[in-house]
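2 protein chains.
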Amino acid sequence: MDEFELIHRYFSRLGAARADVFLGVGDDAAILRGTDDTDLVAAVDTIVSGRHFPEGSDARSIGHRSLAVNLSDLAAMGARPAWAMLSLTLPQAEPDWLDGFARGFGELARAHEVMLVGGDTTAGPLTVSVQIMGHVPHGTALRRDGASEGDLLAVTGTIGDAGAGLALALRTLATHDAAAAGELRRRFEYPTPRVEFGVAARGLASAAMDLSDGLVGDLPKLAAASALGAHVDVDRLPLSRALRAVAGSLARDFALGGGDDYELLLAVPPARFAALASRAAALNLTLTTIGELRRGNTVHWALDSRSYAPAVEGYSHFR
Amino acid sequence: MDEFELIHRYFSRLGAARADVFLGVGDDAAILRGTDDTDLVAAVDTIVSGRHFPEGSDARSIGHRSLAVNLSDLAAMGARPAWAMLSLTLPQAEPDWLDGFARGFGELARAHEVMLVGGDTTAGPLTVSVQIMGHVPHGTALRRDGASEGDLLAVTGTIGDAGAGLALALRTLATHDAAAAGELRRRFEYPTPRVEFGVAARGLASAAMDLSDGLVGDLPKLAAASALGAHVDVDRLPLSRALRAVAGSLARDFALGGGDDYELLLAVPPARFAALASRAAALNLTLTTIGELRRGNTVHWALDSRSYAPAVEGYSHFR
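Top line first, the protein sequences correspond to chains X and V.
Taking the working numbering, the leading residue of the first sequence gets 981, the next gets one more, and so forth.
Taking the working numbering, the leading residue of the second sequence gets 981, the next gets one more, and so forth.
Hints were generated in silico from the structure; no laboratory data involved.
Each hint should be verified, as a subset may be incorrect.
Example chain V residues on the side facing chain X (calculated, C-beta under 8 Å, incomplete) [claimed, not checked]:
1. R1013
2. T1069
3. R1124
Quick look at which bits of chain V chain X covers, simulated, 3 or more residues with Cβ under 8 Å [stated by the list, open to error]:
4. 1005 to 1012
5. 1053 to 1065
6. 1167 to 1173
7. 1231 to 1238
Predicted model only: the values in this text are computed from it and were never measured.
From the three backbone atoms N, C-alpha and C, an ideal C-beta is built for every residue, glycine too.
Using the sequences provided together with the hints, build the complete structure.
Below, the structure written as structure tokens:
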């Protein structure tokens, strides 16, 4: 199987079909429709074997995650995703692996009306880089730098689950609760990007980002971008039943330091919180306030009203 | 140096500054201006150490080439480049290496008014994936599938040089002509994407692609996309003085099978060839006809009016 055949077989018609794609996979570049009244929102994220997922992970999960982490970036901007490009570096062209990868990528792409419009494949160590493009009405994107003092901090869903799921996969965490373990592993392997809620949060949230590197690593970035400090009540972090069952006293550490949840962290003026919460409820998504933005340049963590020093730190490469 | 510092120091202001970038590096995604009357043209290309360039290559060359291969894709579409995203996977964060890489990338970006608007960095085997976006007036992009029977085939510049330059770097080719060797190595290390000529070819060329995998590998793709065959007079391939001096009787093989030239291959109706050649001349670029598109589905190679079987094949991964 050469490169051309590989692309033709697995990637030439992956994801949704879209009328705004004039030319997709197969030429030197894709040709896509531009529009005056929308801003183009674009992001790229790469996942590397042994770094962002355990070596030997299921190909379908790798395909899903490579797109999910990018959809999550657009969700954090309030953007509606449209087009993806895939740069796939892999050691060899195994049909079973490629089938699984394309299935995981394609299912999630179709669920979000995303079309794969280009990319390349290369022989080399397994690395999956996805670039995603989407749209917001002009000027409405949710940025990190829009929060004001007194805005509430809220997170979607529950946090820490994916970190515990990864720890279970790596056997640094163990449990007898097979159902809870399965649930946590699925949270790592098949994260749900909060695209619909990101779109719904436009005009209500003042700032947003997605939680990829853990709350302790990510929140300071949002606060710094908005030139503010923050206060978080650690006892308010939303922990799933499965995480509590499996991680016990470590659940809070996973919620603070575990990455890969791909939930959204939002800042919202108190007067608009009820409206935002009702949009979350309409999507069957919980939205939990965990603190607020404050003047200053540090993030203060409190547990039972006392200062708390997280025992964990967010994920960073090159440290 | 953590990831945040690395991005801030090397990549937060790389390339040109552009007014159509509402938000660049540093958030979850970039926010870019859309326009009704232009089509968005987007491509991604990845280069992997030991695969697309020798291990230990100069970092500045790697930075240059990672962008050049993508600019070349836009050139082949007749698109004016605007925005780039960079996904950089590298074993460790060495300041000297990053300085060189950013310099090579940045110089070429500024020369083409391209702004780096996003990306990510990851620890892992050296892999550089660049995604590029640009524009053409609606409906004017040069596609591979627009050629007609009887259209002339033309290539810009000279071909085979980069392949010979790589062979010199890998010591599978040797020479006493240091000046010629230096010239060929520069052609590999610092290819010149034909962006201005691609733009100039809009409305004249009927189809175009860039030569990245060698004429023998690439031409059949253009012919197939246009549902045609082709005839090439191998004795008309434009060979540089340096290639002839260094490669001797192998020069033709490099021109047929050597990759990485990033010259353009164009189809042009005979009646429009003079106009296209004059636009090339205005850019100080040679444009050489090498054959024509014909009915059928095979590419016929001829030397001194006799059928010729190239001894080389185009580059392909996974073969």
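So, going through the hints one by one against the coordinates:
1. Below 8 Å, beta-carbon pairs count as interface contacts, and V/R1013 has one with chain X at about 7 Å; its hint therefore holds.
2. Of the supplied interface hints, the one on V/T1069 holds, with its beta-carbon coming within about 6 Å of a beta-carbon of chain X, less than 8 Å.
3. Contact between V/R1124 and chain X, as hinted, is supported at the beta carbon level, the nearest pair being about 5 Å apart and thus within 8 Å.
4. Figure legend: the stretch 1005 to 1012 of chain V, annotated as covered by chain X; annotation consistent (7 residues with Cβ-Cβ distances under 8 Å, at least 3 required).
5. Given as covered by chain X, the stretch 1053 to 1065 of chain V passes the check, having 7 residues with a CB less than 8 Å from a CB of that chain where 3 are the minimum.
6. For the stretch 1167 to 1173 of chain V, the stated coverage by chain X is violated: 0 residues have a C-beta nearer than 8 Å to a C-beta of that chain, whereas at least 3 were required.
7. As drawn, the stretch 1231 to 1238 of chain V meets chain X at 0 residues by the rule of a beta-carbon pair under 8 Å; below three, the given contact is violated.
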